[in-house]
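S.K.: Chains as they are written, first to last, in this note's numbering: chain A, 7 to 248; chain B, 7 to 248.
Do not rely on the hints blindly, as some may be mistaken.
Pairs count within a copy or across copies, as identical chains cannot be separated in the list.
Said to hold, decoys possible - Simulated pairs of lysine to aspartate or glutamate, EDC-like, Cα-Cα distance not exceeding 20 Å:
1) K129 - D11
2) K129 - E98
3) K17 - E147
4) K150 - E188
5) K224 - E15
6) K17 - D80
7) K150 - D120
8) K17 - E107
9) K224 - D120
10) K150 - D80
To be clear, the hints were calculated from the coordinates, so they are not data collected in a lab. Keep in mind the model is a prediction, meaning the values are calculated, not measured.
2 protein chains.
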Amino acid sequence: MTASDLAGELKVIAFDVFGTVVDWHGGIRAEVERMLPGVDGSAFALGWRAGYAPAMQAVMARIAAGEGGFTLVDELHLHILDDVLRDFGAQERLDRDGRRELNTAWHRLPAWPDAVQGLARLKARYTICTLSNGNIGLLTEMAKRAGLPWDCILSAEVFKAYKPDPRVYLGAAGVFNVAPTELMLVAAHADDLAAARACGLRTAYVERPLEFGPGRPKDVTPNPDNTFHARDILALARQLGC
Amino acid sequence: MTASDLAGELKVIAFDVFGTVVDWHGGIRAEVERMLPGVDGSAFALGWRAGYAPAMQAVMARIAAGEGGFTLVDELHLHILDDVLRDFGAQERLDRDGRRELNTAWHRLPAWPDAVQGLARLKARYTICTLSNGNIGLLTEMAKRAGLPWDCILSAEVFKAYKPDPRVYLGAAGVFNVAPTELMLVAAHADDLAAARACGLRTAYVERPLEFGPGRPKDVTPNPDNTFHARDILALARQLGC
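For reference, chain A alone in the conformation it holds in the complex:
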């Protein structure tokens, strides 16, 4: 199949959000440095993000064991924040309201420079949606502030399951009543894309070499298993003829 055939078969393009569409490292660093002057904002952002995977795994393990319910990412972020503040010796510097304010920095993350224009081009031809473990309220506020022109906000919260659970990828296909091959996931993360491919989705990798900040460049080597590999969302739109 040529890229043009594939582009014609697609109906819906779903996007991972954190790191793929928005710059969590830059956004969190800036808000940390504003609210906690003197703290290393980059290290703080990396620590906060590093807490996410184990916290999410713990939630999934509790759900699998029948001991816990679905938890919003806003709540996870707030729990992790307590730990990170302690690691940075800053636990006395933010009260409850301050922690809540800093926690909503995840709602205010800036879009990567190509994202708004790239999404607008893709939207002219495809249905475009989020497919993120972030909760609906978080993703909605982020989109409104950053001008992300989603047709629809889909979240783990809709499916009561988190990526990489197949229910999320197949659930998105079900929402739009399309075959898995008519749905493509765009992400900057190999594990997310691999899980989507296992469900039969098309996949597009976008390079975000500075996802973890300028001090930690990422390996963005192409993987031929992905349907598309693009420098950014605007480049992906061009590959799709948009």
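We have chain A; now place chain B onto it with these hints.
M.R.: Chain B in isolation, oriented as in the chain A frame:
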């Protein structure tokens, strides 16, 4: 409280969709007359819509009895269509594909003339979302075609409960982490608004005197229990200072 105080307290405005934002009678009539020449499109549209309430009640009764699961409105509409085609002696005129095509007429309903501009004005100040029993895919395609600028598409499908179940209204407040009084439902239907008020939401009634077509004008007498009463969505935006 003055209208201005109320407008300042609000954060999110949720909209009923069928009849409130889009003209189901006009849209269905036009598609029926296109696909089934000679059939009375207005009577067919009224019959199809009349089948909705009992079908939805049957689904809710099955769920309450533990005998059934959540059903998408697309599926309900398709079942009702079979009955309506029979009532109009037209069951032989549409095969399976034809029925599916006519069924998606509900995805292609036209917005009322004031809706797009009114929503755009409200969106500049508030978060605006759908709050409909329609499924997410249906509402997304409708929004894309009609240019409805939702910040977020919320549906009974997210909450796995249908209006007027309190889980839908309170679930919407939960999604955005706001108090019920910071959320307002806009609808052209007294029963939907009454259920929202019972959950503590603000309510706005919009007149849609021709919801059931020119032959069946609706009583649009104001009910003082609603927070706002407006001729249409543009008039509501003006009342809110948008």
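S.K.: It remains to establish, for every hint, whether it holds in the given structure.
M.R.: Status of each hint after checking the structure:
no. : hint        : result
1   : K129 - D11  : within (18 Å within a copy, 38 Å between copies)
2   : K129 - E98  : neither (46 Å within a copy, 38 Å between copies)
3   : K17 - E147  : between (26 Å within a copy, 12 Å between copies)
4   : K150 - E188 : between (27 Å within a copy, 18 Å between copies)
5   : K224 - E15  : neither (31 Å within a copy, 45 Å between copies)
6   : K17 - D80   : between (31 Å within a copy, 19 Å between copies)
7   : K150 - D120 : within (17 Å within a copy, 22 Å between copies)
8   : K17 - E107  : between (38 Å within a copy, 17 Å between copies)
9   : K224 - D120 : within (18 Å within a copy, 49 Å between copies)
10  : K150 - D80  : within (17 Å within a copy, 29 Å between copies)
In summary, the numbered hints that this structure violates are 2 and 5.
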